[in-house]
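**Student:** For this one, chain A is given, so just place chains B, C and D on it according to the hints.
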Amino acid sequence: MSFDGYKTTIEEGDTVILYLTINQVYSVRAEAKTTSKKGVEVDNVFQTPYGALKCAELIGKSYGSKISLSKGWGYVMQPTPELWTLTLPHRTQIIYTPDISMILLQLEIKPGSIVVESGTGSGSLSHALIRSVKPTGHLYTFDFHENRVKLADIEFSQHGLSDYVTVAQRDVCDCGFGAELQNRADSVFLDLPHPWQAIPHTLDVIKESGGRICSFSPCIEQVQKSCGVLSKLGFQEIQTMEVLQTSYAVQTKRLPVLDLDFLQSEKDGSESKGKEREVVKCLTAVPPANMPGHTGYLTFATLPPVWARNLQISLNQQESSGELL
Amino acid sequence: MSFDGYKTTIEEGDTVILYLTINQVYSVRAEAKTTSKKGVEVDNVFQTPYGALKCAELIGKSYGSKISLSKGWGYVMQPTPELWTLTLPHRTQIIYTPDISMILLQLEIKPGSIVVESGTGSGSLSHALIRSVKPTGHLYTFDFHENRVKLADIEFSQHGLSDYVTVAQRDVCDCGFGAELQNRADSVFLDLPHPWQAIPHTLDVIKESGGRICSFSPCIEQVQKSCGVLSKLGFQEIQTMEVLQTSYAVQTKRLPVLDLDFLQSEKDGSESKGKEREVVKCLTAVPPANMPGHTGYLTFATLPPVWARNLQISLNQQESSGELL
Amino acid sequence: MEDNAIKVGDFVIVQRQGYTKLHKLKEHGTLSLGSFNMEMDNIVGEKYSDTFQMKNYPGSKKLFTLEKVDEIPSVLSINIEKSGADNRNITDDGQSQNLTTEEIAKLKSEELNSNNIVGKLITNSRTFNEKTEYSQEKYMKKKEKKYFEYVQIRRPTIRLLATMFYRQDPTKTLGIRSDDLSQIITYSNVQAQGTHLLYDSGTSGLLPAALLNQIGAQNPAHLVHVHPGNECQKSAIVAMNFPQEQLARCINVNLYSVLRCFYQNKDAYNSEPQCKKIKLDDSAPKKPGWQIENEKACRLLEVGVDSLVVAAKEHPVSIVDQLVRFLKGGRYLVVFSATREPLQDLYNHLKERLDFIYIRIVSNFMRSYQVLPDRTHPEVNMTSGGYVLTGFKLVS
Amino acid sequence: MEDNAIKVGDFVIVQRQGYTKLHKLKEHGTLSLGSFNMEMDNIVGEKYSDTFQMKNYPGSKKLFTLEKVDEIPSVLSINIEKSGADNRNITDDGQSQNLTTEEIAKLKSEELNSNNIVGKLITNSRTFNEKTEYSQEKYMKKKEKKYFEYVQIRRPTIRLLATMFYRQDPTKTLGIRSDDLSQIITYSNVQAQGTHLLYDSGTSGLLPAALLNQIGAQNPAHLVHVHPGNECQKSAIVAMNFPQEQLARCINVNLYSVLRCFYQNKDAYNSEPQCKKIKLDDSAPKKPGWQIENEKACRLLEVGVDSLVVAAKEHPVSIVDQLVRFLKGGRYLVVFSATREPLQDLYNHLKERLDFIYIRIVSNFMRSYQVLPDRTHPEVNMTSGGYVLTGFKLVS
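Chains as they are written, first to last, in the working numbering: chain A, 668 to 992; chain B, 668 to 992; chain C, 21 to 416; chain D, 21 to 416.
Calculated directly from the structure, the hints in this document are not laboratory data.
Take the hints with a grain of salt, since some may be wrong.
[What the hints assert, rightly or not] Pairs of lysine-lysine, DSS-like flavour, derived with a Cα cap of 27 Å:
1) A:Lys-920 / D:Lys-27
2) C:Lys-158 / B:Lys-892
3) C:Lys-162 / A:Lys-892
4) B:Lys-874 / D:Lys-27
5) D:Lys-371 / B:Lys-948
6) C:Lys-333 / B:Lys-948
7) B:Lys-874 / D:Lys-67
8) A:Lys-899 / B:Lys-892
9) B:Lys-920 / A:Lys-948
10) B:Lys-899 / D:Lys-161
11) D:Lys-162 / B:Lys-899
12) C:Lys-88 / A:Lys-899
13) D:Lys-333 / A:Lys-920
14) A:Lys-892 / C:Lys-161
15) A:Lys-728 / C:Lys-41
16) D:Lys-158 / A:Lys-892
17) B:Lys-899 / D:Lys-67
18) C:Lys-371 / A:Lys-948
19) B:Lys-899 / D:Lys-165
20) B:Lys-892 / D:Lys-162
21) A:Lys-892 / B:Lys-899
22) D:Lys-371 / B:Lys-728
23) D:Lys-44 / D:Lys-81
24) A:Lys-920 / B:Lys-874
25) A:Lys-892 / B:Lys-892
26) B:Lys-733 / D:Lys-371
27) A:Lys-892 / C:Lys-158
28) C:Lys-88 / A:Lys-874
29) D:Lys-192 / B:Lys-920
30) C:Lys-371 / B:Lys-948
31) A:Lys-948 / D:Lys-192
32) C:Lys-41 / C:Lys-27
33) D:Lys-44 / B:Lys-899
34) D:Lys-75 / D:Lys-162
[Claimed, not checked] Which chain D residues face chain B? A few, computed with CB under 8 Å, are given here:
35) Ser-69
36) Thr-71
37) Gln-73
38) Asp-199
39) Gly-214
40) Gly-350
All of these numbers come straight from a predicted model, not from anything done at the bench.
Note that the Cβ used here is the ideal one computed from N, Cα and C, for glycine as well.
In isolation and in its complexed conformation, chain A is listed as follows (with noise of 0.2 Å):
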């Protein structure tokens, strides 16, 4: 229940990140009892490279606090949409946070907004939908795998999100959005092997006064497809960008310094042999050997209020055209 708002202080059936290092970042839940793979309750025992566990002591405990280990320390966070993405179970590839934010950003998502998704995926772009759209808003989202939307559902359920949004089983491509959606949503996004399928429904679905749309495609293709379709139904200010974020490691790097003058005038380099070799420090902050090259294409685009979207149509013609020459 540890997701909507903040909170001081862990109570049972909280979702707990334990943080041990930079790249040692847990999700565990705060509670005495678990179920076993063979569908035993056990004690709820967390495994960590510094010793166990017992997540029943986590109860009381202060977010942002230091825990004891058997064989080190950890610290207890609050999960924020940017940490359970950190840490949430992979059933597919997720949207990672660098485009998650700037979908937020380009799908002009704020308290109130009505934003329809698809698929669930995982859940990690979900969560920060929901942290964007509550109190006031709702998040609709739809994935075609029965077995994503039950275990979808039951993580809002814990998380203490089921008041701001929907999950439902659904193939989007070939029945569009459903009709209790018309003309609901403020923005759309879709993360879908083939999105332009998914597209022509978008216009059912957005207000009548318009509203943005986003679709994340690993592959030019789907990019190239979907702005062809995005572009004949009238949509504006379509716009395919990449954001790659680098993350910096801060070191302290000691550089020896040669000394070469003595060469020019001594007989015997001998002497300068004892010499203490002189180090420079150099404060540097460098990114990791590997780091992500890509993650998917960002399409966004504009569907203009149905008062102008004829307008556009005509426009887009234009703009395409060179295609039909």
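**Tutor:** For chains B, C and D alone, kept in the frame of chain A given last:
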């Protein structure tokens, strides 16, 4: 005549690079007379922001020396392919040094190499190719545009490079590279609107022992088509890449340090008013506000020797059969 | 449903092709857009996202009125007689256009009609018919852009403002690009509750507007917006046309002034439950607005804040050191800097403090694409973004 | 035409899928490649670019012989019974493979035949038939890679060595990536004449090999390769199988030793026209090889060099200051560093010296692409390159 080898003194007819500042670099000819646009012989005078330069006065000066201008000074440099790329007259879009460097490395060009280029364009890459193959290798460069061929030929001659390069008008997509080059090339470079039409001809021009190919294309569709053809023809190590260079300006920034601690105790802030604001210096290197975001995609591939081509064709069929499944 | 009518007093974004400008709509106001001057009265009462044609004002070369349109005739309906197979025979000597600059200017001042002007330019070009179809199209697009006579009226949003300010001049937002802004918002975990503290030494109001937008309308959350000058920069805040109750929850205070109040005037802001006292004692000398704001801010700071965002021209260490005292444990610090080095110093400083974990410095490579049939490639111009440091404060 | 036969004594690159390894071919030698041990004798006498199949050696699990092949049967000829429309009903519980790890290892040791093994894996997978065609193909490619039984023999080139070293460990080349290397070569303006000076504190011989390769065979140009240790790193130099006359024009000297010789032993290298003297006076104590190299180098340095390239682990300023004395005016200095800060110091230092102009610091964003039908995208992993400073020396 100043492009062949290392020179110390400017001779009559040399192309000379005039360096004023890092953003003001020009090429001039060390000749007393030049022909005006109207076809009349006039004094060869080059106008700079720091005053006029009589080009005849350059003759006899040392490369790397300072020269006086009426309102300042400049430096004269022997042209290199890199400086020529910076200062050449643009007859087309040109290829810049970061891409050129990668092309030279990837095409494995060295003294003695036989290299084929199409199109010649403005000769930016050609000059770097020539430096690399001379004195024992040769560059054959083709362009379908008559005037470009003529101008490139004049330039090569003025630069003293005619022994190392043959330039001709030819539409290589339609006509291939010609019988006289049959199986003579170590490597082929293509910068064409429809490179996939010329690629089949490269099988005829590359040596039987195999060679390397590069195609430079601004658009991804050109790359997609070219890679398909390369794969079908049995090229291996088909690899597409981009190189984007950033050039930094080293700056020492002065950041004010706000003194705020006094606000916790002091009753009247006035006594601190007279204080010098503390400043820290910060040495940094900043990229320009606007930098090149794309030049072109470089697609490289190896044509295996004749004895290994059939095997490679069958391997490539497997690789790409994903599309056929 | 929101009201979509354009009203006097609204801030609107006027868009002509890729160019945008922010404008406050007054009665009988005009707007200058590049070399054009437009009377804006005709857009009042129309709807956002409507498109208007710039019509030449009789007797004036540069003044235009706006007329609502429902369709735009295509420039490509111009009949092209002939195209070349390639450009091989074209030698560009800069003399291919028969019309003089003066003749073109005259065309423009008679009637701004890109279709008409482009048609005339083509008819008078000596080389147009020899160009390839591709080059012909490129030429027409370029000319159409120059003489394009339509503008669209947009409602300002954080996205549009961030993009517009950065394009106009990155220093307007201290170098904060849209990707930087987007991550400042997520990493600070700002949402529709709690109190949020911002130090901003000059982003044209973009950062406070973005945070206030995330806080949202009709809730009790607050933004304490601390600035170093006499007046804070407000362009983006006013541009957003926030409702009054939301705007009132953005408390703008001077850095020195609010800290002095916090440390040296504890009695003032603790004792007075603001509104009541003023009503009771109407005759007492009225407090200046800035003092009331300071006291409001101090009461919120006393309780502690749920996020601290810093975007400073100054060295961030001493500013962060002061303001981070108000940050509750278990909450996030986010600091933006256009260069990396000050954040490296801050990184080492926070490491030494021991009450911060999960300290990171990130930057982004952001790339836009042109996606068009057979002409897809990354945009040929690119910008470089800034750096964002984030850290998590432990409870003491 | 070059001789394409593979000979004992050659350095060869053995390539298995994307993996490459440098190997010196000895008689009756073996090569270990991942978990495989290969007898290499069968490749001798065959041609470069030939492909060989790894055949299980009777009675040994890990030893393989190589057999030349002219075609490779396709793994995709495996008959796929059924594919799912999408993966919606697949729940990955990690238990979909019926074969145990031991059974798979046994298959591999009986006969390394990727086609056969992949077939068995598919037959024993519970979920394979429910996967989409795309997922099936991806699965097969992955497995085929693991059990791929073919290697190709390549002739080492600078391109292949640079890529291989960097992939194995970027510190092997001080962090010099292929784009860095390519620009060091162009900006230094190295070519088939003149004398070139290199300081290299450990690029596994890549930088001297690349410069020597650019200098080329059968000409009078020289490379003076200065290193800080007792022995210079030579891997890439020997790997290139340079002819002897070319190799002899790469003069490898220790930094301290050659400078001491230059400043304190002028008589020695100036007076002796090297070869003659040695012949005349055979009884005199023979000079050690390193001393002869030092003197050769000093004679070249005395005349001046046409380029100076520095790639140092140490701070570059004092090294550049020493070596730049030998650089002729009108020539280029090129300095590589894995981090930017030392080059900033050098930049300011060169500015203060006043005898350098056109000083630049550059770095690259290098991106590789997967180009496949409907699956084109940048590679998902990326590396960060280093920094290159270039400057032009004025004549004094």
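**Student:** Could you work out which earlier hints the structure fails to respect and list their numbers in ascending sequence?
**Tutor:** 1, 15, 24, 29, 33, 37
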